[in-house]
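Chemist: Each chain, letter by letter, is given below.
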Amino acid sequence: MISKLLTPKNLRNLIIILVVVGVLFLSLSGYLTPLFSFSISPFISAQSWLAQRYLAFSDFFNSPRDMATLRAENAALNERVAMLQSEIVALQENLAQSDILYTLLDFARSNPEHEYLAATVIGREISPYLQYIIIDKGSNDGLRHGMPVVTQQGLVGRIDALISDAARIQLITDANSVVNVKLQSAQVEGLLRGSVTGEISLDMVPVGTKVEIGDVLMTSGLGGTYPPNIFVGQILTMQSKENVLFQTGSVQPVVDFSSLSAVLVITNFDTVDISPLIP
Amino acid sequence: MISYLIGFMGYMAMLMLQLSVFSQWKILAGSADLLLLFVIAWCLHDRSKYLWLLVLVFAGITTFISALPFYVPLAVYFGVYLLSRQIHARIWQTPLLGMLVVTFIASLGQSAFTLAAIFVQRVDINLADALNRITLPSLLLNMLLAIPVHALVRELAYYAFPKGVEA
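Chains as they are written, first to last, in this note's numbering: chain A, 1 to 279; chain E, 280 to 446.
These aren't lab readings, by the way, just hints derived from the structure by calculation.
Keep in mind it's a predicted model, so treat the numbers as computed, not measured.
Check each hint, because a few of them may be wrong.
Covered stretches of chain A (chain E as the covering partner; in silico rule of three or more C-beta atoms under 8 Å from a C-beta of chain E) [stated by the list, open to error]:
no., segment
1, 114-125
2, 158-171
Some chain E residues flagged as far from chain A (calculated, every beta-carbon gap over 10 Å) [claimed, not checked]:
no., residue
3, 281
4, 283
5, 327
6, 372
7, 419
A partial selection of chain A residues facing chain E, derived with a Cβ cut-off under 10 Å [as the list claims (entries may be wrong)]:
no., residue
8, 130
9, 132
10, 134
11, 174
12, 175
13, 176
14, 194
15, 195
16, 198
The beta-carbon is built from N, C-alpha and C at its ideal position, and this holds for glycine as well.
Using the sequences and the hints, build the whole thing.
Modeler: Shown next, in the form of structure tokens:
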């Protein structure tokens with residue numbers, strides 16, 4: 001029976017299986033590791049040498065092209081960043097302009113008795129002795145000489161001269177400007193005068209009138225130049241000299257004239273020219 | 280002809296800069312007058328026969344834009360025209376010095392004319408205040424800007440007068 005099984009073929013297979021199992025056993029148990037290391041290390045060294053040479057070779061030919069590509073991409077990205085930054089600046093400017101226009105719109109809505117036309121300030125007077133601004137609306141937009149100009153804060157001035165697409169506004173701080181005002185607290189009227197330096201002062205307030213620092217001044221409507229009840233400014237100081245009939249004082253305007261960028265023109269106010277009546 | 284065109288275009292460019300930028304750059308209440316500086320520099324460079332016509336146009340434009348009475352720019356610009364001729368004849372070797380001298384005199388002259396024009400309109404003027412807060416700061420700014428404006432006009436003059444710039 002055994003002699004039948006131990007044929008040369010089966011014996012060979014059995015030996016092969018035993019050898020394989022033995023090698024696997026020795027390998028798994030770690031006894032063959034030095035042998036593997038010794039036999040594989042030359043191949044690894046050769047492979048490393050070849051890989052390094054190949055990488056060096058590849059870098060030598062490909063790196064310049066990659067650098068050029070990277071530089072181009074970098075330039076494109078820088079350009080894109082600059083464009084986006086300029087867009088941000090433009091959007092911020094638009095936002096600021098929108099805020100101003102929204103504020104003006106709110107003012108127009110809260111004062112529905114007048115009709116308004118919004119205009120942008122595009123220039124300022126050449127001479128530092130005069131206080132004028134130039135706006136981008138003119139007679140083509142329905143503006144006329146003498147129309148009052150305001151902002152959401154208060155009175156700005158009136159139209160002094162105009163052409164088809166632009167107008168020149170005389171500010172209330174101009175030396176030639178005179179505004180009839182009333183003190184809100186005392187209900188007393190006075191005159192607001194500008195000066196060459198751009199400061200405004202209150203005049204013609206009767207002696208004896210109690211005027212407090214911080215009292216609010218509004219247009220009185222007298223003279224027909226400006227509509228009544230528009231904020232003008234607040235009292236800063238008052239002076240009352242002896243043997244004079246009127247008090248004078250300095251006034252802080254409510255409008256910041258140095259940063260005016262947009263204004264509203266009151267288009268439905270008809271000014272009255274009283275100059276022929278003045279002797 | 281091309282020199283008049285270049286002068287006109289240069290003046291218009293200065294006008295836009297003045298209205299939008301330089302009128303807002305202030306020391307106290309004073310500001311620079313770029314238009315006056317341009318007229319001075321141009322008069323010092325231009326030796327053409329009909330320069331007075333260009334000066335007249337410059338004065339007309341300023342009168343149209345500004346609220347100043349018409350006679351103020353007219354008198355000041357023609358004063359600059361005459362003074363620049365005299366200065367050029369006397370100190371032609373140092374054009375920058377000529378520019379500074381004319382700027383100094385013209386700035387003070389323009390301030391005096393403007394104040395006189397305002398005074399004529401029955402406006403009370405605090406002269407000391409006007410001098411300290413407007414005239415002197417404006418003069419300082421004009422003197423500072425005279426040098427770059429002179430250099431700019433000199434470059435323009437190379438195109439306007441290709442045969443040679445005298446000042």
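Chemist: Against the earlier hints, flag every one the structure doesn't satisfy and list their numbers going up.
Modeler: none
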